[in-house]
Amino acid sequence: MTQSAIDTTLLAVLAPFLAAAIAPFLTRHLKHNAAWLLALVPAWIFWHFAGFVGPVSNGETFVASRSWAPIYRVDLSFFVDGLSTVFALLISGIGTFIILYAGGYLKGHPQQGRFFSFLFLFMGAMLGLVLGNNLFTLFIFWELTSITSFLLIGFDHLRAASRRAAIQALVVTGGGGLVLLAGFLMIITVTGQVEMSVLLQSPDIIRESGFYVPIFFLILGGAFTKSAQFPFHFWLPNAMEAPTPVSAFLHSATMVKAGVYLLMRMHPLLGDTDLWTTVLPVFGGATLLVGTILAVRQTDLKLMLAYTTVASLGLLVMLVGTSYERALEGAVLYLIAHSLFKGALFMVAGTIDHEAGTRDVTKLGGLRGAMPITFTAACLAALSMSGLPPFIGFIAKEVLYYGTTGAPSAAVWLTITAVVGNALMLVIAAAVAIKPFLGPKVETPKHAHEGPILLFAGPVTLSFLGLVLALTTLFTGHFFVGPMLSSLVGKPTEVELHLVPPYFIGNVPLMLSMATVALGLVLFWQLDRLRALVAAILSGPLRSWGPDKGFDQVIAEIVSLSSVITRALQNGKMQTYMALTFIVTGVAVLLPGYLTGGWPAMPKMPSYHFYEWGIFLIAVIGLIAVLVAKTRLTAIVSLGIQGFAVAIIFMLYGAPDLAFTQLMVETLSVVILALVMTRLNLTPRDHRSGGAALVTGVIALAVGLGLALTLIAITQQPFDRSLSDFFTEYSRSIAHGRNIVNVILVDFRGIDTLGEIAVVTLAGLCVLALIRVHTPRPKDADPAPEKKGEAA
Amino acid sequence: MRTVIFRTVAPYLSALMVLFSIFVLLRGHNEPGGGFIGGLIAASALAIFGIACGVASVRRAIVVHPMSIAGFGLFIAALSGLPSLFKKQTFMTSQWLEFKFFDVDVALSTPLVFDIGVYLVVVGAIGSIALALEERESD
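Protein sequence lines correspond, in order, to chains U and A.
Last residue of the first sequence: 790 in this note's numbering, with the numbers rising by one and none dropped.
Last residue of the second sequence: 168 in this note's numbering, with the numbers rising by one and none dropped.
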């Protein structure tokens, strides 16, 4: 690979974002046919990554990197190895057909351009995630997938169910993302490395660090929420509210696999420990069983597929959790197979919905004549999903059973779980692919007929690929499975795949396969009874509570807790705010002195001139007047007296600027306070009880005393002249000004002042708004003066 | 408060105060003064004029809404930091333009523009608060 080709990877990751920007314009002009043009973008990305397949299968890895925020070690850095190549190919390849499919599915939709944009944004996020080398890059793209999937699931935002599903997906996966960030930060702190490619060079670094357990659980938190593992599985079926192209893309091939991707990526670093081989299979197995059982209960095609997706993810996690090489190989194969058949089946379900008007499997039947092409695609995909030869799903299942039977621990349990799960998977595959097409023709809401090429191009291609990859086992094994498995186990590994089992007698996986098929066929034969049974069990005690309801409860609790806190802290009473502010101030200035005992010594009283004493006296008289004043207005004016006295003191001690400002501020405060009094109709007198007055008095005295002591302590420190000297020296020579205060304000510390005047402006706006809110305009009075004011 | 004497004097007083505030603003770089104090003086002038002659006449006199004055002040203050960027210096590095105008040395500078911005912000913000509070009793 040449360096320029590697660098093009950066462009390949950014290309979907560029496409997202132009998609609405193209769609405005070309309508749904824009899909043909837009699909070129993922097709080009696919072609680009296909170029990496050869070198990567020879064990090479590549890093493409651009510096982003080097101070924080955040680089836009992408890592191409077996694992990321296969994922990038799946995302861009399936993405190409999804774009085409979306063109047909949302034909004539007024927001189709926006939909394309969202899809591309998601595609870019997903590509960045699976290629991310720098942990920060990886995390940013990880969260981007959550945000873009929020947009996609909530695309039909006028429906409450869509909005709820979107928020649920965002909260669950976004929350998991934050846990993941904590895990990443911990990895960075412990190892000092931010690049995945560097971390993989020394795989034992985390396992030996002593922080393995917390890191393990934090990473798991991210992976399990994203990949919808039990008990976080509930968001994925709810996300079926999204338009079908979204389900086909996000919830089968790509986004939900992000968690599995992370586990696979981290396997060399975190895997093969007792913790790993215990926790992952338990949760993965539970998810597999829960997913398949819940899938049986559904009658909606999309929901059935959604629950089997949950189940498949559980299977993958279980397999990765064994850390056994054959099981990992099975996981890799199953992941590829699943992406192909599930993407195809989702699109088939969407096509049926689009053309027949319903997705309810009990209301569908006999569509094979009306939709022959879709029927073919559905059959091929379902056979692969059922694990029947000669499809990639069959090979995956064989290898998978090799893996579970040979697993170092709990092989029996793993195998039983896998057999039951796969049998139920077969049931669903048959129900989705056969029921709507075979049997007597059922009247559907719409007159069903074959969809346009935009709709069937995707399912046909993907389902045929499931066949092609199985027939070319050597090619598949060498170029895709082998390199990907090498990334998982952390050393170059060759795989040997067999479409035809090498021997038949005593071949345990083959026998398990046959048992699976037999069990599946029996269950499918009794599907209606099975569905009724599951429904009966679930409508018992489990009906009233489940993770989905639990989510609502948690959200409701968070909302009520925050409103309790808000009401306590922000009760809308000025008195509380002022009291809190001053108490905190008082504690802040008094506590350090109290704890350290470092009270300042009282300074010697300097001798003052008689006029200085006079000014002190005026200040004191002003204060006494405040205390004894009968009305609030008098108190305000009296406080002004004290302020003027302080201004004069400033003047006497050589701070004319300060004195000047103090004088103006005092004047304006008195004027504005007096205006507030009259404007807001405050009672002229203070009606507080003696106790309340005492409390505020104590607070006031404490704050005053604390500030005085602090000032005394500060003035007793030796005076550091370096700043004064600097400003005295340079104020004239650099800033051309003799008034040092002003020069500091407008020149040396100009940006501070800029911030301050911004605050003043905002404060003015807020006060204006507050005044308007609190005194509603009289309705019958002539509104002209107000209007004039606003217009002016 | 609205006695005949006050109402007669207030316009002249306000005019003088505004004039004085501009004087204070401009001398600020070398003598006590500056945009902040100048702005406070001008805002007081507006408040006095409003108390004496009604808010409506103040709003007529200053043409635009006082908050717009504050916004404009913030705008030119921020703008005054930009010229230095053209000379590849950091934001808000002061730039000076000195020339003779009828035998008088005139020194114009970006800090001066900035100070005028501060002045306008203070006039606008404080003035609009005062006027809003005066509004009811005068109209």
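Watch out, some of these pointers could steer you wrong.
For lysine to aspartate or glutamate, the following DMTMM-like pairs were computed, each having C-alpha atoms within a straight-line distance of at most 25 angstroms [stated by the list, open to error]:
(1) A:K117 / U:D526
(2) U:K547 / U:D750
(3) U:K489 / U:E323
(4) U:K628 / U:D684
(5) A:K116 / U:D750
(6) U:K433 / U:E494
To list a few chain A residues with every Cβ distance to chain U over 12 angstroms, as calculated [said to hold, decoys possible]:
(7) T32
(8) I34
(9) L48
(10) F115
For the record, the hints were derived by calculation from the structure and aren't laboratory data.
Beta carbons: idealized from backbone N, C-alpha and C, even for Gly.
Right, here's what the structure says about each hint:
1. Note on A:K117 and U:D526: the hinted pairing is violated, with a Cα-Cα distance of about 78 angstroms set against a maximum of 25 angstroms.
2. Between U:K547 and U:D750 the alpha-carbon distance is near 51 angstroms, which puts this suggested pair outside the 25 angstroms criterion.
3. Distance check on the hinted pair: U:K489 and U:E323 sit about 11 angstroms apart at the alpha-carbon level, within 25 angstroms; holds.
4. Distance restraint check for U:K628 and U:D684: the Cα-Cα separation of roughly 8 angstroms lies within the 25 angstroms cut-off, and the hinted pair is therefore satisfied.
5. Between A:K116 and U:D750 the CA atoms are separated by roughly 22 angstroms; this keeps the pair inside 25 angstroms, and the hint holds.
6. Taken as a hint, the U:K433 and U:E494 pair is broken in the structure, with Cα atoms around 36 angstroms apart against an allowance of 25 angstroms.
7. The beta carbon of A:T32 sits about 17 angstroms from the closest Cβ of chain U, which is more than 12 angstroms, so the claim that it is off the interface holds.
8. Every CB of chain U lies more than 12 angstroms from the CB of A:I34, the least distance being 18 angstroms, so the non-interface label holds.
9. Annotated as non-interface, A:L48 keeps its C-beta farther than 12 angstroms from every C-beta of chain U; the closest such distance is 16 angstroms.
10. Listed as a non-interface residue, A:F115 keeps its Cβ farther than 12 angstroms from every Cβ of chain U; the least gap is roughly 17 angstroms.
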